[in-house]
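If you're matching them up, the sequences are chains F and H in order.
FYI, in the numbering used here the residues of the first sequence are 1 to 110.
FYI, in the numbering used here the residues of the second sequence are 1001 to 1117.
Keep in mind the hints are simulated off the structure, nothing from the lab.
Be a bit skeptical, because a hint or two may be false.
[Unchecked claim] Beta-carbon label-pair distances, calculated as ranges:
1) Ser1009/H x Leu46/F: 16 to 26 Å
2) Ser1015/H x Ser68/F: 43 to 53 Å
3) Lys1066/H x Leu46/F: 24 to 34 Å
4) Gly59/F x Val1003/H: 20 to 30 Å
[To be verified] Quick partial rundown of chain H residues pointing at chain F, CB under 8 Å, derived from the structure:
5) Thr1032
6) Gln1042
7) Leu1046
8) Thr1049
9) Lys1055
10) Leu1068
11) Tyr1104
12) Glu1105
13) Gln1106
14) Gly1109
15) Pro1110
16) Gly1111
17) Arg1113
18) Thr1115
19) Val1116
No residue lacks a Cβ here, since even glycine has one placed at the ideal position from N, Cα and C.
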Amino acid sequence: QKEVEQDPGPLSVPEGAIVSLNCTYSNSAFQYFMWYRQYSRKGPELLMYTYSSGNKEDGRFTAQVDKSSKYISLFIRDSQPSDSATYLCAMLEGAQKLVFGQGTRLTINP
Amino acid sequence: GAVVSQHPSWVICKSGTSVKIECRSLDFQATTMFWYRQFPKQSLMLMATSNEGSKATYEQGVEKDKFLINHASLTLSTLTVTSAHPEDSSFYICSARDLRTGSYEQYFGPGTRLTVT
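Model the full assembly from the supplied sequences, consistent with the hints where possible.
So this is what it looks like as structure tokens:
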């Protein structure tokens, strides 16, 4: 069993839809949770960064962490074609090591 | 701010040759740099962690004699793939972090696509 599980998709939705992306994890030691966006043939860029259980909002993006269920989510409201990318969840193991999910390929159709 | 560059962005080499990839932090000092590889439609897998002036720490299953990492300064780390073979073809991505800020955030480079023929 992988430490971090993420549905690879692909996920295709119409413009304006609410998108929900999810990851589950097995390691209770994970304390920091990140969401990265990666465009094709580019490096990942950090979108959201959370520590505790609960919700964190940044513009159209909301990150949700449920440590009791070992489940994290990223919601994208009013999705735009420019949001089309691969979204990777990542979790910090110890002080330095990031463990990534497989990534979900998202397409927003105009 | 917090820009990381990689060079080259893509490289094609013949089997048996060595290839060097550079990773630079352009506007901050990177006490720690990380090297990842990513196969098509798969996630990033950490290969090694390097601290400036120290030997790199390799993840289990990564051959340190094949993937040579040097982090000689606070702005530059290099990954050399020695005696490359077609199975080494992959997307190599570095990231950098300044431990002194207290932030856990890693800043990623744009990646280098290596094709070994």
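Can you name, in rising order, the numbers of the hints this structure does not satisfy? 9, 10, 18 and 19
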